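Protein chains: 2
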Amino acid sequence: VEGTAERRADTLRAGFVQTVPRFGDLEGNLRRARELAERAPEFDVLVLPELFSTGYAFVDRREAEGLAEELTGPTCSWLRAVASERRGWVVGGFAERAGSRLFNSAALVGPAGEIHVYRKIHLFDREKDLFDAGDAPFAAIPIRTERGTVLVGLMICFDWFFPESARSLALDGAEVLLHPSNLVLDKCQGAMPTRCLENRVFAVTANRSGEDDRGPLRIAFTGRSQITAPDGAVLASAPAEGEATEVVELDLAAARDKHVTAGNDLLADRRPDMYRTAR
Amino acid sequence: VEGTAERRADTLRAGFVQTVPRFGDLEGNLRRARELAERAPEFDVLVLPELFSTGYAFVDRREAEGLAEELTGPTCSWLRAVASERRGWVVGGFAERAGSRLFNSAALVGPAGEIHVYRKIHLFDREKDLFDAGDAPFAAIPIRTERGTVLVGLMICFDWFFPESARSLALDGAEVLLHPSNLVLDKCQGAMPTRCLENRVFAVTANRSGEDDRGPLRIAFTGRSQITAPDGAVLASAPAEGEATEVVELDLAAARDKHVTAGNDLLADRRPDMYRTAR
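Protein chains in written order, with our numbering: chain D, 1 to 279; chain B, 1 to 279.
Derived from the structure by calculation, the hints contain no laboratory data.
Keep in mind it's a predicted model, so treat the numbers as computed, not measured.
Watch out, some of these pointers could steer you wrong.
Since the list gives no way to pick out one identical chain from another, each pair is judged satisfied if it fits inside one copy or across any two copies.
Keeping only pairs whose Cα atoms sit at most 30 Å apart, straight-line, the calculated DSS-like set for lysine-lysine is [said to hold, decoys possible]: (1) 128 x 258; (2) 128 x 187; (3) 187 x 258.
Using the sequences and the accompanying hints, generate a full structural model.
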């Protein structure tokens with residue numbers, strides 16, 4: 001920014017909270033998430049799962065609308081309160097009402113009430129019947145921490161499956177991917193090392209566990225929230241079942257140097273003229 | 001093609017030969033590769049490693065030029081002979097001389113002498129001092145087999161690291177990636193399931209093992225040639241050391257249906273307007 005010397009942070013204390021929400025119990029879910037967040041040691045950014053306050057298995061769009069909220073609603077207020085109290089950034093997913101539109105969104109809230117919203121771009125399976133797809137391109141977000149500025153990127157759950165998601169964020173400068181999830185497939189945790197490796201970024205995947213049992217609609221989630229490093233190493237991993245809270249200190253130098261050999265910078269060595277981007 | 005009914009093959013018998021070449025011993029390397037190829041059961045396409053006839057560790061461009069050849073040279077002639085004799089397609093890597101230019105190339109040769117050449121797009125480390133980078137975009141190649149036509153894609157070794165390589169080939173219709181390699185890092189074999197999963201394609205990675213010991217320049221290779229399926233399953237895997245030959249019958253239906261859920265087609269669900277493709 002002109003006239004200011006933005007100090008870049010060298011490290012970031014980043015963590016996840018893995019929850020087991022009860023469908024529709026907004027108050028109970030936020031209360032329990034608060035207890036879990038309070039267990040976290042000091043952090044610069046803490047990631048909660050996708051739709052962590054409502055649960056996931058809406059039977060139809062009307063039900064999702066009924067549990068949706070605006071940025072002044074209970075979930076974003078909760079994020080603001082935790083961010084302010086813990087003096088760190090907090091990310092979590094919520095059903096976002098915006099006029100007649102409904103998004104599967106994540107809000108990233110800072111200690112001074114700063115707020116950035118990401119609307120899920122790749123909707124999973126029957127989410128297409130419930131939500132509108134995100135309408136703003138992937139973009140890195142600079143966040144100020146006590147230690148300096150860090151560029152983070154937001155993606156939600158199924159976005160991981162498309163290499164363009166993490167790639168877009170990395171090309172825009174993101175050093176750490178914040179990845180609220182409600183994973184039902186068992187492939188993401190094994191693929192995140194590749195996502196991190198190919199972009200030389202960190203990723204914090206906050207997943208839920210347990211299941212939403214809505215009668216005929218019953219969906220189980222895979223837990224195993226994970227923090228992954230630019231060399232593909234798994235720095236933290238939660239169990240498949242139950243709740244968990246973890247915070248890891250990330251050495252951001254590993255995400256800023258895109259070299260994989262002395263001669264290869266993974267972003268500079270891309271050959272866009274050689275690529276197809278459409279069928 | 002207008003006026004013709006191109007029958008699409010339902011299956012493809014695809015395999016790899018893992019070699020341990022001796023640097024610079026073109027005649028000996030081709031003779032030994034022939035013995036290994038002869039051990040392969042019937043195949044529609046057989047993949048040999050990158051630079052399998054010369055070895056990898058050229059000390060400088062001049063040495064690479066001395067071992068380079070044109071499409072009439074000994075390596076492509078070898079591929080033609082094996083393809084004709086075994087009545088299948090054969091792929092292998094060679095140093096390609098084209099006027100004053102030098103490429104790290106792979107030739108895909110058919111039983112009737114058809115030939116397609118791919119010039120490596122992403123050069124690894126000191127290959128940049130030896131070769132010119134490939135100048136033609138990734139493109140799928142239709143090959144006719146006894147069972148019908150199959151679309152394959154060629155990429156070489158380090159190309160795997162860039163998700164755009166496999167993505168470009170899949171967007172162009174490739175169902176099976178043919179991937180001659182001389183891998184020195186230990187990450188590719190673990191990442192190929194993600195490459196296959198995100199594009200719903202098969203991949204045949206033919207790697208070499210052993211080392212090129214050129215005095216001060218000494219490079220070891222990781223073997224573990226691998227055939228990977230669209231669901232990320234590893235269908236065949238060679239040992240880290242030594243030679244190997246494997247052929248697997250691939251059920252191409254798995255690569256033609258891009259659905260990962262009833263509601264998600266992984267190529268149709270891409271959102272190009274939401275992606276960044278440059279820094």
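My question is about residue 128 and residue 258: at a cut-off of 30 Å on alpha-carbon distance, are they close within one copy, between copies, both, or neither?
between (36 Å within a copy, 17 Å between copies)
Go through the copies and call it for residue 187 and residue 258: within, between, both or neither, with a Cα cutoff of 30 Å.
Classified as both: same-chain Cα gap 25 Å, cross-chain 16 Å, threshold 30 Å.
Using 30 Å as the alpha carbon limit, work out where residue 128 and residue 187 are close: within a copy, between copies, both or neither.
Only inside one copy: residue 128 and residue 187 sit 21 Å apart there, 35 Å across copies, limit 30 Å.
Violation of the numbered hints given earlier is absent; every hint is satisfied by the structure.
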